[in-house]
Amino acid sequence: MTNKTFLSLALAVLATLPAVAQRDTISLNRGWLFCRTPQGPAEVVNLPHDFQISQPWVAPSADERADNSDQAANVKSRLSARGFKEMGEGFYRKTLHALQEWKGRRVLLDFGGIMLVGDVWLNGRRVGGTEYGYLGFEVDVTSLLRYGEDNQIEVRANTMGPKNSRWYTGGGLYRDVKIILTPADLYFVRHPLQITTKDNHTINITAEISRYNKDATGRVGVRILDAAGREVAARETEVRWSPRRRTMEYRLDPIALASPQLWSCETPYLYTAEVSIYGTDGRLADRVSEPFGVRTVEITADRGLLLNGKKVLLKGIANHHTLGVLGAAAFPRAIEKRIRLLKQFGFNHIRCSHNPYSEDLYRLCDRYGLLVVDELYDKWLTQYAGGRTEWTNLWQQDVPEWVKRDRNHPSVVLWSLGNELQTYPNLPFNDWGVTPYKLLRELLHRYDTTRLVTVAMHPRGRNWETDSLPCDLAMLTDVQAYNYRYMYFPGDGRRFPWMKFYQSEANLPMMGPNFYEMDREKVIGLAYWGMIDYLGESMGWPAKGWVDGVFDISLQPKPMAYFLKSMFSDEPTVHIGIVDNKTDNTEWNGIKFGGDQTSDHWNRTEGNRYTVYVYTNADEAELFVNGRSLGVQKNTLDPKTRNKLKWNNVAYVPGSIEAVARKAGRVVARHRIETAGSPVALRLEADDEMWRADGTDLQHVRVYAVDSKGRRSPMAQQLLTFSLKGDASLAALGNGDLIGDDLPTGIRQHLFRGSALAILRAGYTPSKVRLIVSAPGLKGASLKLQTTGK
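The sequence shown lines up with residues -21 to -1, 1 to 769 when you count with mature numbering (1 follows the signal peptide of the UniProt record, and there is no 0).
Please keep in mind that the hints were generated in silico from the structure rather than gathered at the bench.
Check each hint, because a few of them may be wrong.
Straight line, CA to CA, 30 Å or less: simulated DSSO-like cross-link-like pairs of lysine-lysine [unchecked claim]:
hint: 1; residue 1: Lys747; residue 2: Lys704
hint: 2; residue 1: Lys82; residue 2: Lys157
hint: 3; residue 1: Lys316; residue 2: Lys177
hint: 4; residue 1: Lys82; residue 2: Lys177
hint: 5; residue 1: Lys177; residue 2: Lys157
hint: 6; residue 1: Lys322; residue 2: Lys704
hint: 7; residue 1: Lys322; residue 2: Lys290
hint: 8; residue 1: Lys316; residue 2: Lys417
hint: 9; residue 1: Lys316; residue 2: Lys289
hint: 10; residue 1: Lys316; residue 2: Lys157
Here are the simulated distance ranges between beta carbons [claimed, not checked]:
hint: 11; residue 1: Thr196; residue 2: Gln18; range: 50 to 58 Å
hint: 12; residue 1: Ser268; residue 2: Asp232; range: 52 to 60 Å
hint: 13; residue 1: Arg214; residue 2: Ile718; range: 53 to 61 Å
hint: 14; residue 1: Thr700; residue 2: Gln18; range: 30 to 38 Å
hint: 15; residue 1: Arg104; residue 2: Arg282; range: 41 to 49 Å
hint: 16; residue 1: Ser657; residue 2: Ala45; range: 39 to 47 Å
hint: 17; residue 1: Leu12; residue 2: Asp720; range: 23 to 31 Å
hint: 18; residue 1: Ala665; residue 2: Asp178; range: 29 to 37 Å
hint: 19; residue 1: Gly610; residue 2: Thr175; range: 33 to 41 Å
We treat Cβ as the ideally placed atom computed from N, Cα and C, and that holds for glycine.
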């Protein structure tokens, strides 16, 4: 069946639905033609798609030098910030057959985002686009379509120049594209609902509605559904349509919920508001639905963040929007896998740095109970806001789109208008960000007043009065969000007792002190920067990106991840981290680690002695090598050593090393590592998830090289070859190594530290899928999987 025939059949089915289905949403993710030049060879791609991720690495030329004129940009060479991928354009085309039955309805093209800037044409005419690709937009094509005929949609995506972002952005149609059909005369507009809860009891809803008929009045009905889809409350509001304005916000009658279940991190309970418009004749015109949570959020100077009146300390991560070896392509399953990993290690918070993420991120945080600081921009500069249109001409459109899109998510607890702004004297209005902040906050308050507003700052970037006091901007924000400068909290709090402190970025070298030295009873919490390795912001070739996270880019935890878990979680935790000496670097494809870089294998160099860390939240830990005790160390409350016990000069002897953690004299956790033998075979492990044949669902398959006893062999570096049978494709390959030269696309990938990752993308037909992996000198492995119906 061709893509055109499939779409025509799907649309024909929708056209036969009864009159109550007045709003239809049709995915256009399937079957785009992609070219790298306007007239170049085309390939068929399905969305989401990142055209940069498959491009070759571009090594810096011999004469390239770091650009220190802008320290915040981290430009070590021309493409270091952008992941050593060349900038450029991508061209997408799709044939859309507009059904004759669509005539008389309103037809919208909805784009989740185009990276980094983009333009849309319909039948050769430019009809819309975006200057800031992190936000979505819609185009009304009702009067432009040729009904009963084929129509040509064309999209041009442009990554702009190397200095138009400080990190790898990806490029292209990296989020969903849809058709939305509504009635033409009475309908809900884009992001129409504002749902607020008062005193965890009363639901207030405002709906934005457009009326193009002659009715003077109508009805708006609301049904509240519980998590199982059962109606728990309902209310209708008689509405007198505005005689002067076609589009208007209407405040609906409040709805009281008896004994509602509250949304929290531990019990993220979601209701759904189903809102319907009826004309004077009783006809259902349009209907939308929106999940929401019943909860209260309060932030105070003396207690920090209170969720439903209970103190919650933010234990978070600040990362960019990209998804590792998938690049920028916003796959919901990949986002979900990261969220589940973060929760497993004790995180309860994500700061969306430094731009709005895909809507799926917020939906999933709602479902899993993670708290979000939602951020709009990096700098308030044209250079970092798309680079094609002056930033002063963008924010008036960006703020409403952003806030209206995200305001109903219970996970969102704080708005951030930008990042590290006050260090730039050339911001608009030349007052170090004060006037832009006031303008943006005022516009934000037009659409939401239920959350506080901040920006992330280096608080001494521009002094308020003297070097000892915060910058001008810090005196205005609702929350004082400091990047790395937690040491200013006590002094600033004494001078200005109304301040509410949040460590919007914390770094790995100071991990421990930057958590424990805060007054955690008063502060809002913190977000550790770059805890998952990512492309871009490289400190220099050959590293393709950021390598200082506690999870590598393939999502494998490093030993320091367990240190973080011991801080963030009450679950008994113990894990060994062995400092890699220079003599061990040959095992890691030539990586030269700096500082106390650790790994957790026991295949070392005989005759060498090592520094061994044991990360634990227990009272004490005892370290054993081949069953011989190397002594017990007590945990302390000293922020510099808490949960980070250290044994020096541990002689390497093949066999085993084991840490035993005790609390109140009782063993609560163990971590044992054995010396692995030479690799002899491959082992495959897949996600234990239902895998849907919807064209976007993913299956993550981990590949291990193992010895004769089934132990992972960290020395293995063989080149793997992947093949796949069934209706699925290889979405990406990775191994966690940002120093090596393997690309994330293709059918081959080296093992790194004895491991690799294959991400499989489902097709559109339920199918048996078989993954086959081989490597020279190793016994290959295969895995049988199954995709299911939607």
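So, going through the hints one by one against the coordinates:
As the CA atoms of Lys747 and Lys704 are separated by approximately 8 Å, the hinted pair is consistent with the 30 Å bound. A threshold of 30 Å between alpha carbons decides the hint, and for Lys82 with Lys157 the separation of about 18 Å falls inside it, so the pair holds. Taking the CA atoms of Lys316 and Lys177, the gap is near 33 Å; set against the 30 Å cutoff, the hint is violated. Restraint check: the Cα-Cα separation between Lys82 and Lys177 comes to about 42 Å, which exceeds 30 Å; the hinted pair is violated.
For the suggested pair Lys177 and Lys157, the alpha carbons sit about 34 Å apart, so the restraint of at most 30 Å is broken. A C-alpha spacing of about 34 Å is found between Lys322 and Lys704, which places the hinted pair above 30 Å, so the restraint is violated. The suggested pairing of Lys322 with Lys290 holds, with an alpha-carbon distance near 18 Å, which does not exceed 30 Å. A distance of roughly 38 Å separates the Cα atoms of Lys316 and Lys417; the hinted pair therefore is violated under the 30 Å criterion.
For the given pair, Lys316 sits about 28 Å from Lys289 by alpha-carbon distance, which is consistent with the 30 Å threshold. The straight-line distance between the Cα atoms of Lys316 and Lys157 is roughly 24 Å, inside the 30 Å bound, and the hint therefore holds. Restraint check, Thr196 to Gln18: a C-beta distance of roughly 56 Å satisfies the suggested window 50 to 58 Å. Between Ser268 and Asp232, the C-beta spacing of about 18 Å breaks the proposed range 52 to 60 Å.
At roughly 60 Å, the beta carbons of Arg214 and Ile718 sit within the given window of 53 to 61 Å. For the hinted restraint 30 to 38 Å between Thr700 and Gln18, the CB-CB distance of approximately 34 Å keeps it satisfied. Between Arg104 and Arg282 the beta carbons are some 56 Å apart, a value that contradicts the proposed interval 41 to 49 Å. A beta carbon spacing of about 42 Å between Ser657 and Ala45 agrees with the range 39 to 47 Å that was offered as a hint.
For Leu12 and Asp720, the hinted distance range of 23 to 31 Å is satisfied, since their beta carbons lie about 30 Å from each other. Roughly 46 Å separates the CB atoms of Ala665 and Asp178, a value that falls outside the hinted 29 to 37 Å. For Gly610 and Thr175, the Cβ-Cβ distance of about 58 Å falls outside the hinted range of 33 to 41 Å, so the restraint is violated.
The structure fails to meet hints 3, 4, 5, 6, 8, 12, 15, 18 and 19 from the earlier list, while all remaining hints are met.
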